[in-house]
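Asker: First to last, the sequence lines map onto chains H and F.
Numbered as in the working numbering, the first sequence ends at 658 without a single skipped number.
Numbered as in the working numbering, the second sequence ends at 591 without a single skipped number.
There may be inaccurate statements among the hints.
Within a straight-line C-alpha distance of at most 27 Å, the following computed BS3-like cross-link-like pairs (lysine-lysine) qualify [claimed, not checked]: (1) K466/H / K563/F; (2) K563/F / K628/H; (3) K384/H / K589/H; (4) K563/F / K488/F.
The set of hints was computed from the structure by calculation and includes no laboratory data.
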Amino acid sequence: MRLLSLILTMALATLSFGLAAAPARADITVNVNRGDVQPLPIAIPAFNGGQVGSEIAGVVSADLNRSGLFQPLDPSTFTEHDLTTAVQPRFAAWKAINAQALVNGDVTTVNGQLQVSFRLWDVFAEQQLLGLQFTANPENWRRVAHKISDAVYERLTGEKGYFDTRVVFVAETGPRGHRVKRLAIMDQDGANPSYLTDGSTDVMTPRFSPTSQEITYMSLSPDSSAIYLLNLDTVRRESLGKFPGEVFAPRFSPDGSKVAFSVATDRGGNTDIFLMDLRTHATTRLTSDPAIDTSPSFSPDGTQIAFNSDRSGTAEIYIMNADGSNPHRISFGDGKYTDPVWSPTGEYIAFTKQTGGQFHIGIIKPDGSDERLLTTSYLDEAPTWAPNGRVLMFSRESPDGSHKLWTVDVTGRVLQPVPYPGNATDPAWSPLLQ
Amino acid sequence: MLNTKTALRLVLIGSAAASLAACAHHPKPAYPTTTPPPAPAPPAATPPPPPGPVSEAPLPGSTQDFVVNVGDRVYFDFDKYDIRADAQPILAAQADWLKKYPAVMVRIEGNCDERGTREYNLALGARRANAVREFLVAHGVDASRITTISYGKEKPIDPGTGEEADQHNRNAHTAIISGARPG
């Protein structure tokens with residue numbers, strides 16, 4: 225896999241300026257919890273070093289802008305043009321355009337390797353907040369940019385970023401009714417898309433392992449179904465085996481050692497949830513209810529599983545212990561709840577809700593409290609969490625039949641399309657890359 | 409079309425035709441004709457009536473016969489999998505047809521409209537396929553002749569959006585996978 229064979233090293237060399245004695249003023253911070261937060265005005269001028277310097281600054285700017293927490297300022301308003309990481313900025317020039325933060329950087333090539341240094345400044349405190357240097361293969365410049373975005377995001381919000389990540393999804397081509405569905409992967413910002421399967425069978429619901437460069441997905445052909453594991457480094461594919469029915473809805477346990485999934489039996493057509501140990505292939509049945517039980521999703525500590533069941537008569541979200549005991553319902557609002565997905569922080573469970581002829585992506589706490597609907601449209605479904613639990617990506621179908629990927633933050637305030645040009649469904653966000 | 413079908417049937421009974429052909433080597437006995445040839449018909453005063461319609465129908469026992477004369481698809485209500493009243497005579501006819509042609513194997517494909525999420529619809533489609541399977545088995549079709557699969561909302565027969573398309577797409581399709589006579 226070309227994307228994964230790239231080498232990226234990160235030198236955590238904090239550049240020092242002798243500014244340690246600068247007066248300790250209150251840092252600028254971005255509160256990620258407030259829905260009405262004003263995005264932080266931030267200046268990100270083109271890095272020195274030619275075109276790649278401009279492009280890195282552009283990617284950082286786009287990343288931070290899409291998070292909704294930052295407002296990158298228009299470079300045409302910048303007045304200081306000879307910035308380098310070797311000197312301190314003229315803060316007055318940045319205060320004048322009300323930039324609260326400033327990111328500047330230099331790009332050089334050393335022994336064929338790209339060396340990117342950058343500094344993050346608190347403009348009004350006249351203080352450096354961060355100084356880092358990255359070394360990478362030149363073709364990896366976008367990853368360097370995403371790592372800079374992550375570093376800036378983390379320094380200013382206090383939470384891990386999610387920009388140096390990828391998304392696996394189903395790329396759909398061809399007319400409705402005869403869609404070719406291929407497994408595909410891209411950077412979280414839609415760049416570098418590539419296909420992982422050839423479209424000869426339908427593939428659905430890819431999900432990342434939380435611990436490795438491995439995904440699990442369902443494959444559906446006219447007369448059979450299968451769940452596969454696919455190693456993204458080796459492109460080696462392995463089936464979970466044969467089952468007495470249709471297998472679907474696979475999802476890894478948090479330690480990556482197990483996959484929970486559903487089987488709709490050949491005899492009876494009922495769907496229950498099973499758990500397979502990937503090392504031994506031993507399979508345990510977790511539900512045996514005459515209702516539909518599907519879409520299992522582990523809590524991040526591995527002790528519980530959220531799932532979808534219509535045992536009450538309509539589709540609702542339930543939680544059970546990881547051994548199948550103590551199933552209990554947590555959703556009680558109007559409409560139908562499906563697609564439960566536990567957040568990486570454990571704080572929320574995302575879901576798809578269908579009510580009043582509309583679809584919504586929403587979140588609810590595991591105790592059933594604090595339900596919030598984040599989106600409303602003709603058809604939203606398949607939420608997946610960014611690794612920091614602050615943003616969800618999902619699939620949106622328009623009444624014209626097109627399928628696009630979108631992101632929304634947990635406040636519901638920042639809703640944006642993912643810049644992938646084709647039809648796409650079933651996104652699955654990777655953990656932060658190493 | 410008819411000629412093609414006739415030709416096909418002749419091929420199918422080829423071995424029988426070969427033995428008939430063998431008999432044809434023996435000259436037929438000649439019988440004397442005792443009836444005089446008929447008088448030539450008088451010229452018609454009015455144009456002859458148009459030829460009567462010739463109806464064309466699928467060969468009995470073929471997949472086309474099943475699709476056209478029985479019906480290979482039944483429809484469901486939104487988020488439901490119980491067999492509707494309008495589906496029962498179709499499925500009863502499917503059962504009768506399948507009992508008449510016992511070599512036929514079928515796959516019941518459960519389908520859903522798009523107004524539901526992917527995984528839930530795979531489960532719902534499995535219920536629909538099974539509801540049809542159980543109906544056919546209850547009406548005397550051997551269970552070993554039937555397999556089921558759910559396509560969920562992945563294979564809509566109507567590419568449109570809206571309730572009319574959705575109704576078309578909530579169905580179970582009885583697909584003949586082997587054993588039918590060539591059509």
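Asker: Mind checking the alpha carbons of K563/F and K628/H for me, to see if they're no more than 27 Å apart?
Answerer: 19 Å, holds
Asker: Has the given pair, K563/F with K488/F, been kept, meaning a C-alpha gap of at most 27 Å?
Answerer: Distance ~18 Å between K563/F and K488/F Cα, so the pair holds.
Asker: Do the alpha carbons of K384/H and K589/H lie within 27 Å of each other, as the hint requires?
Answerer: 21 Å, holds
Asker: Regarding the pair K466/H and K563/F, is the alpha-carbon distance no greater than 27 Å?
Answerer: At roughly 23 Å apart (the allowed maximum being 27 Å), K563/F and K466/H satisfy the hint.
Consistency with the previously given hints is maintained throughout, with no hint failing.
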